[in-house]
Amino acid sequence: MEKFTKAFPSKPLPSKTAKPWALAGVVGSGNLEVMLERGGKPSDAMECHVETSIPGYKASWLAALSDFAHHYPAGGTKVTINDQGAPPVLVNLRLRQAYDHLTKGDK
Amino acid sequence: MTGAILFHELTARQRVAALVDAGSFSELLPPPERITSPYLAQLGIPVSFDDGLVIGHARIGGKKIYLAAQVGQFVGGAVGEIHGAKLTGLFKAAARDKLPCVLIIESGGVRLHEGSSGEIAIAETMRAIFECRALKVPTIAVIATDIGAFGGIGILSTCCDFRIMTEHGRLGISGPIVIEKWMGKKAYDSANRALVWKTSGGKTKYLLGDADALVHDTADAVRDGISKFLGKSSAVSLVSVKARQKELQKRLKKFGAASDPDTVWKSMGVRDIQAASLASGPEFAALAKRGK
Numbered sequence: 001m002e003k004f005t006k007a008f009p010s011k012p013l014p015s016k017t018a019k020p021w022a023l024a025g026v027v028g029s030g031n032l033e034v035m036l037e038r039g040g041k042p043s044d045a046m047e048c049h050v051e052t053s054i055p056g057y058k059a060s061w062l063a064a065l066s067d068f069a070h071h072y073p074a075g076g077t078k079v080t081i082n083d084q085g086a087p088p089v090l091v092n093l094r095l096r097q098a099y100d101h102l103t104k105g106d107k
Numbered sequence: 001m002t003g004a005i006l007f008h009e010l011t012a013r014q015r016v017a018a019l020v021d022a023g024s025f026s027e028l029l030p031p032p033e034r035i036t037s038p039y040l041a042q043l044g045i046p047v048s049f050d051d052g053l054v055i056g057h058a059r060i061g062g063k064k065i066y067l068a069a070q071v072g073q074f075v076g077g078a079v080g081e082i083h084g085a086k087l088t089g090l091f092k093a094a095a096r097d098k099l100p101c102v103l104i105i106e107s108g109g110v111r112l113h114e115g116s117s118g119e120i121a122i123a124e125t126m127r128a129i130f131e132c133r134a135l136k137v138p139t140i141a142v143i144a145t146d147i148g149a150f151g152g153i154g155i156l157s158t159c160c161d162f163r164i165m166t167e168h169g170r171l172g173i174s175g176p177i178v179i180e181k182w183m184g185k186k187a188y189d190s191a192n193r194a195l196v197w198k199t200s201g202g203k204t205k206y207l208l209g210d211a212d213a214l215v216h217d218t219a220d221a222v223r224d225g226i227s228k229f230l231g232k233s234s235a236v237s238l239v240s241v242k243a244r245q246k247e248l249q250k251r252l253k254k255f256g257a258a259s260d261p262d263t264v265w266k267s268m269g270v271r272d273i274q275a276a277s278l279a280s281g282p283e284f285a286a287l288a289k290r291g292k
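These protein sequence lines are chains A and B, in that order.
By the working numbering, the letter at position 58 of the first sequence is numbered 58, and the numbering carries on one by one without gaps.
By the working numbering, the letter at position 140 of the second sequence is numbered 140, and the numbering carries on one by one without gaps.
If you are wondering where the hints come from, they were derived from the structure by calculation, not from laboratory data.
Hints should not be assumed to be uniformly reliable.
As the list claims (entries may be wrong) - Straight-line Cα separation of at most 25 Å, DMTMM-like style, residue types lysine to aspartate or glutamate; simulated pairs:
{"id": "1", "chain 1": "A", "residue 1": "K104", "chain 2": "B", "residue 2": "E33"}
{"id": "2", "chain 1": "B", "residue 1": "K253", "chain 2": "B", "residue 2": "E180"}
{"id": "3", "chain 1": "A", "residue 1": "K3", "chain 2": "B", "residue 2": "E33"}
{"id": "4", "chain 1": "A", "residue 1": "K19", "chain 2": "B", "residue 2": "E27"}
Just so you know, these numbers come straight off a predicted model, no measurement behind them.
Using the sequences plus the hints, can you model the full thing?
The following block contains the structure:
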């Protein structure tokens, strides 16, 4: 297991979202779950907590998360991830799914 | 829309959303509470925010129910201490509030990483189910995926008043690979899909009376199936248990020596095995006269 926490600069989240939290994905082989919650402390940063079963890929994680924080206004959110070996492209997909659910609702 | 997607392809959370009246689901111990397994964390295995079980209350056709859905992709939907405590609590709440309790099953049984806690949790949940039944509170299990209901959860499902299955659902105690390991490939070939499904699958379980309804693999069909059982429950008594024991003895006598599942199908009134194999849900049920 590898655990780390890091905040990434990001434009503030819209003041209104459909839900206070959203979840995407499940903890299965090659998959992960991503939870996005409102109420992260600084409104211009995305606070990330990652727990992964595969150690040694911190650089890839930081790249994927910072890329997302750069492209989406996710400042003031807390991102918590439980990972069981998902590839970076899936990490990105789940982040976007969770973000969509948070901002627009489940439909 | 989820209605068009097959029920067995949905995730646990999508299943809940597709089954209940729109917007009526209220989750208990939702992911932000982070009630996760302490055992998995110690073993260096990733945890899940809901420990593989979504629980809450909702409405189906306006009727208030308690509802749980297992996440099969997370350690095979297996029951650990937290997962089991959530299950027990839900059935106890159903007994307290006299509301039907529906369990969407997808589990291989006890989570081996937390074996004793899981076993105890399943036993406690069974007791809570019997509490419900003693109070005439309906308990309904839905088994609709190939992960199915095995091990302790297979037993637990049969403690409920009713079981609703689809042809994809499987119900048993030991899974196919376990049986093969113990009995040998000649006795039971777990790679023989037709054999596996004809022994543990929804169609055969329906013929034998272990499943009370065989429905199509869609959320609409599963919801209709649940609706039909929401008002009914019966207490478990010494008389009912003895009667069930007699039925099972009869079944063993009738089929104990059978080496081919087709024998069971034929004796349950299925004339055209080929046609029945291709039929699903109510169409299959119509091709057979179900016996005890």
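Of the numbered hints stated previously, which ones are contradicted by the structure, given in increasing order?
Nothing - there is no hint that the structure violates, so all of them hold.
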